[in-house]
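Fit chain B to the known structure of chain A by using the hints.
Chains as they are written, first to last, in UniProt numbering: chain A, 1 to 313; chain B, 1 to 511.
Where hints are given, some of them may not hold.
[Stated by the list, open to error] According to the in silico footprint, chain B covers these stretches of chain A (three or more CB under 8 Å from chain B):
| # | region |
| --- | --- |
| 1 | 25–33 |
| 2 | 168–174 |
| 3 | 257–265 |
| 4 | 287–294 |
[Unchecked claim] Taking lysine-lysine and the DSSO-like style, the derived pairs with C-alpha atoms no more than 30 Å apart in a straight line are:
| # | chain 1 | residue 1 | chain 2 | residue 2 |
| --- | --- | --- | --- | --- |
| 5 | B | Lys-114 | B | Lys-88 |
| 6 | B | Lys-353 | A | Lys-40 |
| 7 | B | Lys-138 | B | Lys-114 |
| 8 | A | Lys-40 | B | Lys-114 |
| 9 | A | Lys-40 | B | Lys-104 |
| 10 | B | Lys-114 | B | Lys-452 |
| 11 | B | Lys-353 | B | Lys-243 |
| 12 | B | Lys-138 | B | Lys-104 |
| 13 | B | Lys-114 | B | Lys-104 |
Hints are computed from structural coordinates only; laboratory data are not their basis. For each residue, glycine too, the CB sits at the ideal point set by N, CA and C.
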Amino acid sequence: MIRVALRRLAQAALTALAASLLVWAMLPLAPGDPAYRILKSQAPEHEPTPAEIADLREDMGLDRPFPVRYAAWLGRVVQGDLGVSWRTGQPVSDEIARRLPATLTLLGLALAVSVLVALALALISAAFRDRWPDRLIRAYTQVGAALPTFLFGLLALQYVVVGAGVGRVLSGGTLGMAILPALIIGVDRAAGWTQLLRASLIDAMNSGYAQVSRARGARSRRTLLIHALPNAALPFLTAIGVSIGALLGGSPIIEELFTWPGLGSYTLAALTARDFPVIQAFVLVSAGLYVVSSLLIDLAAIAIDPRLRAARA
Amino acid sequence: MRHLATTLALAALTFGQPAPAQEADQPIRVITSFQIDSMDPESEGFWFQEFGVAELLMEFQRDGSVAPWLAESLEQVDDLTWVITLNKGVTFQNGRQLDADAVKRLMDFRLANKASLQGVVPPETTFDVTGPLEITVKTPVPLPEFPNVLAHESYFLIYDLDAVEAANGDWEALEHAGIYTGPYEVTDLTDAALTATRNENYWRGTPAMPGVTVTFVTDLNARVLAIQNGEGDIALYPQISAKPVYDATPNVNLALGDLSTGGYAAFMNTEEGPLADVAVRRALMKSIDYAEVSDAVFRGATAEAEGLYSTAFPWAVANYEHDPEEAARLLDEAGWTLDGDIRTKDGAPLTVKLVIYPQQPDLVPLSNALQAYLRALGVGTEILSVDDVNEAITSGSIDWDMALLGNGSATVGAVQGFLARYLASDGNRNYAGYSNARMDDLIAALAVEVDKTARNEILREIQGILVEDDPYVFNVTMLRPRALVSDAWSTYEPGVAWRHIGWQTAPDAVR
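This is chain A alone, in the form it adopts within the complex (with noise of 0.2 Å):
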């Protein structure tokens, strides 16, 4: 187990850098140039000229060569900082040490949403397989998985919030206020993950042991949840790893829609402002919460599946 966490470890320094270098490569051809953006967000009213654009330019480094800057960033980050914004001047690590949390509280709590409602519908689903409960789980599956979050957001925020009277528009950041948003992500990744563990299970309940489980006399609740259950988490388990990056690729839109003090707001204005310290730290956030997630999943796939403790052993 602890050679597996070590492994992951040294991926997850690999997959960061990847990715860091993958972004620093691909920020450049972004259309706009940063010295101008900055310029314009701190005095809209001025234009600034060619010599104050190159200056800034030069201060900011986007002069030296790619390699030459990305070198200094490394270096610089792996002694723990991380730059300062170029939008706000402030270092990217306080500002992001700020919002993190709030993300990582949203995101949490629409993780462990996504995960019940997933397992729930799909052992319903699976239970009462072609019969009025499964399909009613699979019309929510199929529309879920078709509507893009913000619109169920929308949707919640205009009938739960306004009409219903439940919660407030304006959340204020306290954590009462993450329980809608948080639904609302749940809800929405619930939608593909109950259609794959659903699939899973159905195969697990037509494999062998399961028949063999039924023709010794267990009942099928029984044999789904003990015997077949085990066996289809894993490409459940994967899908919940592969999908982290995802959910907290896709917060700042439901951030700011729900108005959620996270990194949301903050990383898409670093993006129009082509604030690259900022962007550069929000991947490496991203590939960091991916990798630690993927290695949970590893280590509880390894706990769940004897066949993979033998593997290891």
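Chain B alone, transformed into the frame defined by chain A:
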């Protein structure tokens, strides 16, 4: 947008609940899309003027004039000399008196340190204290628009320079420091909101409301829903083309003002492409039905563009004309013949690349309307959305023929800045390399012309050139000051010169 309209309209029919009336002991709750990053008065100070915290020496008025505010009077002694006399008894919120020394020091500091101000007021300008409440201003050249400069939030915003210097860059220390003179004093500024409370010693009298909270919400849908749900009183920067949605939504009202100092303007590429031909530019202007744009596209939430300036200004000329037949004749004469749906000349189709940007979602229906007018004229249109329109068209990174921008041609009643930056040959925002010798002469003359009659004549000639002789920029529709308000605030009048909150701003129930 259609999804949002349907959603909101359905909700309006099914779940709408009347919101409670505003109480006298509640602060004004404003929701805006822009975050105030810090208490730094140099980079962020202009926001505080908008929300009743900071003030200016002069104020732009709803009738288009400029009147004294912190100044009791502004007198022009001769072409190069102005005398500012301050009102007696004005104090900063921290209790310090606003006197001539404090204002002189601040004006010297701002002029020396603010590059954008130096483009408006020559750096050689001097400010001398000539009385306890009197400052004499001497300029190296005539500055006929000096009163407007004093009314612009980005230039001579008044604050306590001593207190700011004492903070030494610790901007949080300026919360509760009372560095401004306005009716509301900042007590807290976070990433999410600004909180200000009533300045009990305000020099004009007791402010109408106990305070102001300004919440930063970038998502437009969230701002609308917050008003609908009674969580805010005034939401800024609404999308105008969504007026039918607002009309159908309970507790949401689109409040509109009358005077506009700007509009959605079209800039044409006079250097290259089909619009380099002046006949094409004149034809395009005549093809547009300006009244229909404001009445049908924006349902009366914008005003018909009749010229470059709002008709409230005495120099405005109403010289825009919708004449599709004349437009077609101009193109025929210029050799652009109709061949099928699209006109051609020497085998090349007449197609216009029209640039818009997503920060102004109203440009989408507007660009679609333009596309329809041009289509009827036999001109094709390609619409291109870029994330920074100024940068895209000035850097030469895209091919463009026409760009739509939200723009003010007479911000706070001043015309020189727009003309010098956008239309003069050496203007730093002359997008298309527009160069007209007569226009350059007129702009240079206007910069130092003090006589109002002569100024108006110059401005009328400029407007004539831009329609008849050498079109380059025109307003497609004129914007009106606007905000979304709750029912309790339905009589709220959106402020001019971005002044959303004043000392007497209050809902009907409190007045």
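> Within 30 Å, alpha carbon to alpha carbon, are Lys-138 (chain B) and Lys-114 (chain B)?
Replying inline: With Cα atoms ~19 Å apart, Lys-138 (chain B) and Lys-114 (chain B) stay inside 30 Å; holds.
> With a Cβ-Cβ cutoff of 8 Å, does the region 168–174 of chain A contain at least three residues near chain B?
Replying inline: holds (count 5)
>> Tell me if the straight-line CA distance from Lys-353 (chain B) to Lys-40 (chain A) falls inside 30 Å.
In response: Holds, at about 25 Å.
> Holds or violated: Lys-114 (chain B) with Lys-88 (chain B), Cα cutoff 30 Å?
Replying inline: holds (28 Å)
> Is it true that the CA of Lys-353 (chain B) sits at most 30 Å from the CA of Lys-243 (chain B)?
Replying inline: holds (28 Å)
> Within a Cα-Cα threshold of 30 Å, do Lys-138 (chain B) and Lys-104 (chain B) meet the stated pairing?
Replying inline: holds (12 Å)
> Within a Cα-Cα threshold of 30 Å, do Lys-114 (chain B) and Lys-104 (chain B) meet the stated pairing?
Replying inline: Answer holds: Lys-114 (chain B) to Lys-104 (chain B) is near 15 Å, not above 30 Å.
> Has the region 25–33 of chain A got at least three residues whose CB is nearer than 8 Å to a CB belonging to chain B?
Replying inline: holds (count 3)
>> Run the distance test for Lys-114 (chain B) versus Lys-452 (chain B): straight-line Cα separation, threshold 30 Å.
In response: holds (29 Å)
> Regarding the pair Lys-40 (chain A) and Lys-114 (chain B), is the alpha-carbon distance no greater than 30 Å?
Replying inline: This hinted pair holds, its Cα atoms lying about 14 Å apart.
>> Can you confirm whether chain B covers the region 257–265 of chain A, using C-beta to C-beta distances below 8 Å and requiring at least three such residues?
In response: holds (count 5)
>> Can you confirm whether chain B covers the region 287–294 of chain A, using C-beta to C-beta distances below 8 Å and requiring at least three such residues?
In response: Violated, because only 0 residues of the region 287–294 of chain A bring their Cβ atoms closer than 8 Å to Cβ atoms of chain B.
In the structure shown, a violation is registered for the earlier hint numbered 4 alone.
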